[in-house]
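Top to bottom, those sequences are chains A and B.
Quick note, the first sequence lines up with residues 1 to 261 if you use this note's numbering.
Quick note, the second sequence lines up with residues 1 to 261 if you use this note's numbering.
Please note: incorrect hints may appear among the correct ones.
Because identical chains cannot be distinguished in the list, a pair is counted as satisfied if it fits within a single copy or across any two copies.
To be verified - Restricting the straight-line Cα-Cα distance to at most 27 Å, the calculated cross-link-like pairs of lysine-lysine (DSSO-like) are: (1) K179 <-> K208; (2) K179 <-> K39; (3) K24 <-> K260.
To be clear, the hints were calculated from the coordinates, so they are not data collected in a lab.
Below are the chains, spelled out letter by letter.
There are 2 protein chains.
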Amino acid sequence: MTMSQLEIQNIDQTVLLWLDDLQKDTISAMRHHLQVGTKHDERDLVTNVDKANEQKINALIRSFDVNAKIVSEEGFGDKPTAMNGHVWFVDPIDGTMNFVKEHTDFAIMIALYVDNQPVLGWILDVVDNVVYHGGPKIGVFANQLRIQQPGDDSLAEGVVLLSGARLLYGMFGYDQIAKAALGYRVIGAAGPSFIRVITGQAVGYSSKMMPWDFAAGQVLAKTLGLIVSDIDGQALDMLSSNIVLVATKRAHRDIVELHKS
Amino acid sequence: MTMSQLEIQNIDQTVLLWLDDLQKDTISAMRHHLQVGTKHDERDLVTNVDKANEQKINALIRSFDVNAKIVSEEGFGDKPTAMNGHVWFVDPIDGTMNFVKEHTDFAIMIALYVDNQPVLGWILDVVDNVVYHGGPKIGVFANQLRIQQPGDDSLAEGVVLLSGARLLYGMFGYDQIAKAALGYRVIGAAGPSFIRVITGQAVGYSSKMMPWDFAAGQVLAKTLGLIVSDIDGQALDMLSSNIVLVATKRAHRDIVELHKS
Numbered sequence: 001m002t003m004s005q006l007e008i009q010n011i012d013q014t015v016l017l018w019l020d021d022l023q024k025d026t027i028s029a030m031r032h033h034l035q036v037g038t039k040h041d042e043r044d045l046v047t048n049v050d051k052a053n054e055q056k057i058n059a060l061i062r063s064f065d066v067n068a069k070i071v072s073e074e075g076f077g078d079k080p081t082a083m084n085g086h087v088w089f090v091d092p093i094d095g096t097m098n099f100v101k102e103h104t105d106f107a108i109m110i111a112l113y114v115d116n117q118p119v120l121g122w123i124l125d126v127v128d129n130v131v132y133h134g135g136p137k138i139g140v141f142a143n144q145l146r147i148q149q150p151g152d153d154s155l156a157e158g159v160v161l162l163s164g165a166r167l168l169y170g171m172f173g174y175d176q177i178a179k180a181a182l183g184y185r186v187i188g189a190a191g192p193s194f195i196r197v198i199t200g201q202a203v204g205y206s207s208k209m210m211p212w213d214f215a216a217g218q219v220l221a222k223t224l225g226l227i228v229s230d231i232d233g234q235a236l237d238m239l240s241s242n243i244v245l246v247a248t249k250r251a252h253r254d255i256v257e258l259h260k261s
Numbered sequence: 001m002t003m004s005q006l007e008i009q010n011i012d013q014t015v016l017l018w019l020d021d022l023q024k025d026t027i028s029a030m031r032h033h034l035q036v037g038t039k040h041d042e043r044d045l046v047t048n049v050d051k052a053n054e055q056k057i058n059a060l061i062r063s064f065d066v067n068a069k070i071v072s073e074e075g076f077g078d079k080p081t082a083m084n085g086h087v088w089f090v091d092p093i094d095g096t097m098n099f100v101k102e103h104t105d106f107a108i109m110i111a112l113y114v115d116n117q118p119v120l121g122w123i124l125d126v127v128d129n130v131v132y133h134g135g136p137k138i139g140v141f142a143n144q145l146r147i148q149q150p151g152d153d154s155l156a157e158g159v160v161l162l163s164g165a166r167l168l169y170g171m172f173g174y175d176q177i178a179k180a181a182l183g184y185r186v187i188g189a190a191g192p193s194f195i196r197v198i199t200g201q202a203v204g205y206s207s208k209m210m211p212w213d214f215a216a217g218q219v220l221a222k223t224l225g226l227i228v229s230d231i232d233g234q235a236l237d238m239l240s241s242n243i244v245l246v247a248t249k250r251a252h253r254d255i256v257e258l259h260k261s
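One chain only, chain A, in its complex shape:
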């Protein structure tokens, strides 16, 4: 069943209220009581805030949208095997190393897909207190301000954002992409990188990502006429990891061609 624009606006407003509370709690915890641990390896950090935020968000989703399934990073979600119905994606702290060490360039991300179609996405830049949010039915906003479709610069005309680890270890042809771009930057987190592409600061971004890393960014980017795919130009699998590429039309073509060659 398709949702009306009014229903979608109501969901958007509800999640914005959740994020308003989460922003304050996350800043306070960052300054006063951060406990840092590791997951798969010494560079894969997790904190008490990642876990607490995910538990809070997932509980809010479950009481708001009782039949929904949740795909989330820290283990408090479901593990759906299909994209039918309402599926929410939650990244409670995107860019945990930046959160812990740099105290900037991290985000909280939420997305809603219905029957595998992108409906709404939210990327909260926690330190600047700006939420990038919206979807195909309502457009994209930075807080209250509508974001216009970015320009269509080519790879050679713009800055590209890449995963530092993959570039360093020679993966996915990232060195060729970096050399062909006007310049490249390594931000170290998906949300802040998606924000820069959405706002036209960068012409593209690529990294290997899990669904909670790209779900919200994909909603916002596609709504603004950007291309989101895997690095070969194929549609993303919403339930597994992908080598994600988001870019302007021209930069997307440049990067996919470079990757094939």
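Place chain B on chain A using the hints.
Relative to chain A, chain B alone:
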């Protein structure tokens, strides 16, 4: 002749007033009338704002400190061959590609050295409107707020910032430094990178730089107990390019050892 603390505070306040005007003019020009050209190659950008800012700053310095010499980027300075007396360093837009393309992560930088000794430095984060300023006689401030000496994390415990172009082309052992660090980031400009080291967000930063790129950062970093040298651990030549390294004591030792091996 040594300057008193009061004289130094007066110079600091004077330059802060200059920067207050420059901040407004630079933001306005970025939004409304940016003309972009290139210098040595297609990635070496220069704008009308780089040139106008340098002419303004140099004129202010010349009327304020009549016997001083000026080392600046865009050709309106002197070309001193010695560091005796008052020498000012001016970078009218540090990170011009970021200024033009990303509209963030760029700076205006000014520094004063007297008889080759660091006296005062100013790094203006233009978009956030924060000036990092001070020197050994007065300490370091972010606007009015005093900055404390950052911690002494090692390379393996922290984020290191590197020049993207030099890393990409395998120069200066940057790949080994990146691999040994907890993580690395590429910001694309010296001022914003120095700010992250000074505030403890990163444990180190290295790039090949001209004097106007590192003069202000060196004053602030040394005042806060950080180590500034070339990548071999030697003192910087203030009148030529250097492979600059600024880092915590422990990360500095880690990086110099890696570079030698």
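A quick look at each hint next to the structure:
In this homomeric assembly, K179 and K208 come within 27 Å of each other (Cα to Cα) both inside a single copy, at 19 Å, and across copies, at 18 Å. In this assembly of identical chains, the alpha carbons of K179 and K39 lie at most 27 Å apart only when taken from different copies (19 Å versus 33 Å within one copy). In the homo-oligomer, the alpha carbons of K24 and K260 never lie at most 27 Å apart, since the shortest distance is 45 Å inside one protomer and 46 Å across protomers.
Of the numbered hints given earlier, the model fails hint 3 alone.
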